[in-house]
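Participant: Chains L and A, in that order, are what the protein sequence lines are.
Sequential numbering of the first sequence, starting at 1, is according to this note's numbering.
Sequential numbering of the second sequence, starting at 1, is according to this note's numbering.
Just so you know, these hints were derived from the structure itself, not from any lab.
Keep in mind that the hints are not guaranteed to be accurate.
Said to hold, decoys possible - For lysine-lysine, the following DSBU-like pairs were computed, each having C-alpha atoms within a straight-line distance of at most 30 Å:
| hint | chain 1 | residue 1 | chain 2 | residue 2 |
| --- | --- | --- | --- | --- |
| 1 | A | K191 | L | K968 |
| 2 | L | K797 | L | K878 |
| 3 | L | K666 | L | K555 |
| 4 | L | K368 | L | K44 |
| 5 | L | K878 | A | K478 |
| 6 | L | K529 | A | K478 |
| 7 | L | K895 | A | K478 |
| 8 | L | K809 | L | K123 |
| 9 | L | K811 | L | K47 |
| 10 | L | K1048 | L | K254 |
| 11 | L | K239 | L | K809 |
| 12 | L | K435 | L | K323 |
| 13 | L | K61 | L | K47 |
| 14 | L | K811 | L | K123 |
| 15 | L | K895 | A | K168 |
| 16 | A | K154 | L | K738 |
| 17 | L | K361 | L | K502 |
| 18 | L | K738 | A | K32 |
| 19 | L | K811 | L | K623 |
| 20 | L | K811 | L | K666 |
| 21 | L | K44 | L | K22 |
| 22 | A | K191 | A | K178 |
| 23 | L | K895 | A | K154 |
| 24 | L | K481 | L | K555 |
As the list claims (entries may be wrong) - Stretch by stretch, here's where chain A covers chain L in the computed footprint (C-beta under 8 Å, at least three residues):
| hint | region |
| --- | --- |
| 25 | 654 to 661 |
| 26 | 887 to 897 |
All figures in this text were calculated on a predicted structure; none of them were measured in a lab.
Backbone N, C-alpha and C define an ideal beta-carbon position, used for all residues, glycine too.
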Amino acid sequence: MRKLFTLSALLILSALAIGQFKIITGRVTDPVGQPIPFSTIRVKGTKAGTSADADGNFSIKAKPGDILVISGTGITTREVSVTDAVTLSTIQVTRSTTALAEVVVTALGVQRQSRELGYSTTKIINRDLTQAKVTDISTGLAGKVSGLQVNLTSNSVSPSTRVVLRGNRSITGNNQALLVLDGVAIDDINYITKINPEDVENVTVLKGAVAAAVYGSKASNGVIVITTKHGLRGRSEIKVSNTTSLERISYMPKFQDRFGAYGGEGSYTSPDGTVQYVPYENQSYGPPYSGALLPLGLGVPVFNPDGTVNHLDTNFVRYSPIKNNRKDFFATGITNQFDVSYSAGDDRGTFYLGFQDVSVKGVVPKDKSRRDNIRLGGSRNYGNLKVDYTVSYNQQLVDIAGLSYNQTNGGVFSGRPLYFEIINNPAHVPLVYFKDWQHNKFADPNGYFDAYATNPYWTIDNSRRKTNTYDLLGNLDLSYKITSWLNISDRFGITQTFSNLKYTRDGITFAPWAIADPWGAGNVPSSQKFLSPSEYDESFLEQRLNNDLIVGFDKAYGDFSVKALAGLNVAQRHQTDQYLQGDALQFPGFYSISSSLGVPGYNQTIYRQREYSIYEDITVGFKDFIFLHASNRDEWNSVLDPSLRHFEYPGADVSFIFTQAIEGLKNNKVLNYGKIRGGYSHVSNINLGGNPYGAYSLVTPYVTGGPATGIPTFVNGFPFGSIGGYAQSTKYLNPLVKPEITTEYELGLELGFLNNRIYFSGDYYQSKSKNQNLTAQISPTTGFTSKVVNAGLVTNKGLEFDLSLIPVKTKDLTWNLGITYAHYSSLLNELQPGVTELQLSDFANGINGVAGGIYAVQGKAYPVIKTTDWIRDSLSGKVVVDPVTGTPTVDPNEKIYGHTNPDEILGITTSVTYKNFTFSAVADYRSGNFIMNSFGQNADFTGISFHSAENGRQRFIFPNSVVLQGGKYVDNTTVAVSNGGNIGGQGFWPTVYTSGIGTPYITSAAFWKLREVAITYQFPASLLGKVSFIKKASIGLVGRNLIMIRPKSNFWSDPEFNDNSTRGIGSSNRGNGNAIGSTSEYQTPPTRIFGANLTLTF
Amino acid sequence: MNSKHVLKFSIMKKLTIILFITAFITGGCGKKFLDINQNPNQPTHVGLAVILSAALQGSVNDLAIDFPSVTRWDAYWSRSGNYVPDVQTEAYSIPNNYTDAEWTRIYLTLNAYHNMEIQGKQQNLPFYIAVAKLMKAFHFSILVDVYNDVPYSKAFDPLNSVHPAYDKGVNIYADLFKQIDSAIIYFDLAKNTVTSQDQSYDGVYGTLSAGDEMDAWIRFANTLELKLLIHQSQVTSQAAFISSQIASIVANGRGFIGAGQGASVNPGYTNSTNKISPFYGFFYLVTAPTTNVAYYRANTYAVNFYNTTNDPRIGYFFDPVANTSTYAGNFDGDPAAVPNSSTSAIGTGVLKGPTQSIWLLSDFESLFLQAEAAQRGWIAGSAQTFYESAITQSFTYLYLKADNSTLSGDPVADATAYYTQGIANVDWAASANKLTAILTQKWAALDGINWEEAWTDFRRTGIPALPISASNTHVVPKIPIRFLYPQVELNTNGSNVPSLPANAQFTSVIFWNQ
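So that you can see chain L by itself, here it is in the shape it has in the complex (with noise of 0.2 Å):
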């Protein structure tokens, strides 16, 4: 066989090599360089011809003096003779227009025209996508794309998103879009964090299930397709750039700032009822500030040499509210970011190294990253093999603040996160003096003022947590051109991502006089005592291996083009992870696992699947006006059970384009452009969750000691000695459990006007997600708390339009409008029978936790915030109040109130160049979905919060209140809450509102958002021309998150975030799960950026 292969490929080389013709090649490009890919060469007076690839490269057989045209759509056809040179230099033509020839890279990388495709796509290209130096792909989209939501789940230097196209699909499984770089699938969308957004050539956001339909399962949620930049042929320059940012905390919640110190200690209550100062508190339910000079703790004793106490050494302050008390606990963060790059490209290859190192610190004192990436890109043509390569490193290194010791019941790593610790200081509390708890008596855990909590100062300086990610990528793409016609490629594609966490928190001794607790306080030395030194070290690998290997087929017959493909792919996914914990280490400061005092926590898990499939993706075009395309994937996938391991994904679509087609239209100055598609799929899912890949996810397994999901509590302590334990896993699995199926149809119209000044892009779409893989909870009383079935309809709905205007263009002045907006709604139409909701999270922890949780509930959007609200008079709608104590009861009963995701998103970007400068912003808006500030019941606990001195702290009638007199309710104007007064930390506020009320939490999530704003200058050539050496030099000034506009009810925080991941120590606290819609204490408030850029090209 071997041999016959390499006899027959002699024979076509030999073929090549004689004959009189010569083998000319050429490259077709705009004026300006840009390559025009796709046009077709002919020879003039013959059927002889070939087409340009998506570079613009082409070559064809002619001899001397033969006349070759080149024509095509979107350019104007050009006549070229030939001479005797073998290489014709660049030809260039003039576009016609410029929409219509743009490429698009669809799915498994390959290029088509967008004027082929019948379903939505968007492309940005690199400078849209880094205008304002955004470090990170995922944000650098946000308001640019119809049907792209983006959420900045949290703050962070090493912040997180979440990234879903057009709704949420799966109910409790993955929703985010599938990413594939440079034609490779890595099914983790997070890996987008780690790509240089300077390397990207361009984005382009395949929408729906329709478009990704020959990806098969990992694409029902449409895909991010990320190509980068590979050196362009004919031009080699080195580009430098740098940006430094400037990051600050923009909006703090509301806070009152009229209470001091004061919790609700029998002994600090006046005779006559009303409350005095308590100097080491950490609620505010005190007396009104008054600006009298007063102790803040209790003090500090000095000893005599024989230990016994001389005195107490106080710190004054003036009780008065310190602005920005809190807020000056942060520091301005710095990021700087420095890219250089270097391009170039001949006849035979081109080549592209691009560096970045972006430096961040946060606005967390001593939080920072570092991330630094290379990449080398680069393609190479031996005749008609064509090699092209990618080779990518990446490191990031990110440490940040862990939390505190205080209140660690869950754990040694479970105590409060830092911002708790800050906002629960009282308004006259100056926080930034109690910065050097090395040094400072009052502000080391014994002499700290406050008796409740850790100075978040001590926190950052002893709880770290530092994760280290290093990944490796490469990509190999053989492409070798048979015929003309024909074409085989072989894609392999590998990464590699090996990550360390080393979680660690000193110890304290406490001294003894603070464990006596002078103060009758029930301080945190009293309770805690000690804490011993403790680590938690975690490294995880994981390997991602894919192989594509495609037959391309593209020709001409008469009127019709076909453009086909075939292909296999063969993909394997691995990882193993590992951890080790010593929660009691020997000595203070020092973190190695080998001085951990009794057993160490300990597991390690691998994981493994494998997948292989073959799909057909066919285009058949005729006249260039109307175009039909289908494809179908066959997926054996090694997660499910052999009989049900295969599965099809089938596709179609058709695009039209009515202004080629009718005569009429033709030419039209007006409407240029016009074209109408539509698109249908049928793709699956596997979503078996829990397990990563869902591997293993068939057989119910015994579980042990350690941290596995589904492990019963009782289990966690094993291996006792030489007693073992084993109980089932909490969740039952099911060994049939089938891939859910998401049809999803499109239907959509472009129409260009004026030349394509006017660009309209229209979409409607309505996907239905069946037989669902959902964990869903189960009665505990069947022994199990969770089991696999297959159930759940999900309909989404929505439109999509773009609009691209540009409505003035002069020799001097361009301004470029763009408008998105899509619409969605998702209605869970059923979830599995005889159960009607599901809950998919919890709030955060307030003091007895907000009651309820995000839910999937049937027959309501999904998904929605389901929590308690006051007991109210079913009539009148109005809250229930005690005839005597005038107080409120909370219904025990959780009720749903409102939906988490968007209705609408609308995205302006817009961008003026006058002359040199460039001015360029994009602004969002979504609405219509709800947000649970799960953290306002911590305010309420800790008195800060705003509506609880709304009253003064005096007795008040309960707004819209009813009482019940002679068996009805009537209107309250009578009965004042009893204990709504100053009876501090008793009183109504920091009790009745901690009982797991959720409705006063909740608000509208709706808000604009000024993202990003940038101004460019581009130094005139003129300038340039002094210094040869530079071709190009700009300067810049970025902004993002500038502003934020939010409904006056919503002072809380950005209700982008989002607060749903497990808050467990190895958890990266992602918050990109399904269940989205509340914000914590976990997370610390919005910040706005500033930067400047100097970029230099040379």
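Once you've looked at the hints, dock chain A against the given chain L.
Facilitator: Same frame as chain L, now just chain A:
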């Protein structure tokens, strides 16, 4: 061939090889390539010994920490003056989700025994069947005592029934006796076949010889039956059943748990994370105390009781107030609760240390049950003897140090001095109502040890007359008599959950509470 063609040729050759390798890999895409879905991290089959050890740990884990608010309703413990009040417990304003954790924990523990029973039957291992039946009855009785009707006959069938129907509490109780009787038969069967069994772990009576071991388990089974009969003491219609069931217990001849025969579990607790004794672990981590240490304080009612009865056990139930030798607490819910520096913490007789064993059923609880049964004329023997022996065993347990073997004083002498001092409800002879004396002393002995049983006794008999909390925001000023059905159950099995009236925690009775 010129050099260019050679280059082309060698590239072609490499390409060909790559294509062939790919074809080879994909050609191997048969069954084997995808047959990699066996779990390398967790086994899918294990022996019964490890299932039993886990299940027993589940049992004591539940008993050690479930329903902690009951410790406050029983007037054993109270809130701390350091913290914002817990309105839910103090004002009896109980939300549905209040016992989500307990409901889930108990059914998961029960499932471990249920699974053990199935596996035991498949492998014909009577010992495991017997323990499973007995312990299922043990935990189901607690569920009935707290919720009355619960899923029982349709529980534990996730394949066919994810919405188990509810059984009446009274019917469940009736069936539990059958199950325990059946367990006794299997224990006897195990006695004869034990040598051939895989019986490497019995964390309760495993140190005894095989014959004694099964007798000990049968005594435990008999005592559990007695306990469930005592719970029904106020149900007049049960009188006939009670006497016939007592007769059948007496007939098996193994008797009840006596002094030193209590059932406890300790797989080898150590001071390492997750390996701490679960009751101790509720208060302490390896690295630091948890907030529960500061949160739960002595209740003034209990402090006063022990003080006025000159009970030396007060120093074991509670710690002295810091820097003093006296004891003090708060009345639970008192808005003027004093801070921890002026109140007593949970004492070292109860909270012994990270290695302490956990009771399934203590000898002193068993002796109090026998005292009540004798006093009621159900069983033979002297009620006074059982009563005084129970008090002595309570002293003995409290005086025991964390190592489970050494004593910190002379409990027998102290107990004798205590119950002979002529005080009513302490000294048998000085007590006008013997049942009041038994139940008062039972309450006094179960402080921090079995608050569910004390709550059951209070609900059943009203003895002792426990105070309602001092909170000023009660929903209804009455100690709750049950918990509401958990939110987790309403979410997942709502259509089967019996509907309860508003404020059911005060009105909806457990079947034996008449």
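Participant: Which of the listed hints are not met by the structure?
Facilitator: Violated hints: 1, 2, 4, 6, 9, 19 and 25; rest satisfied.
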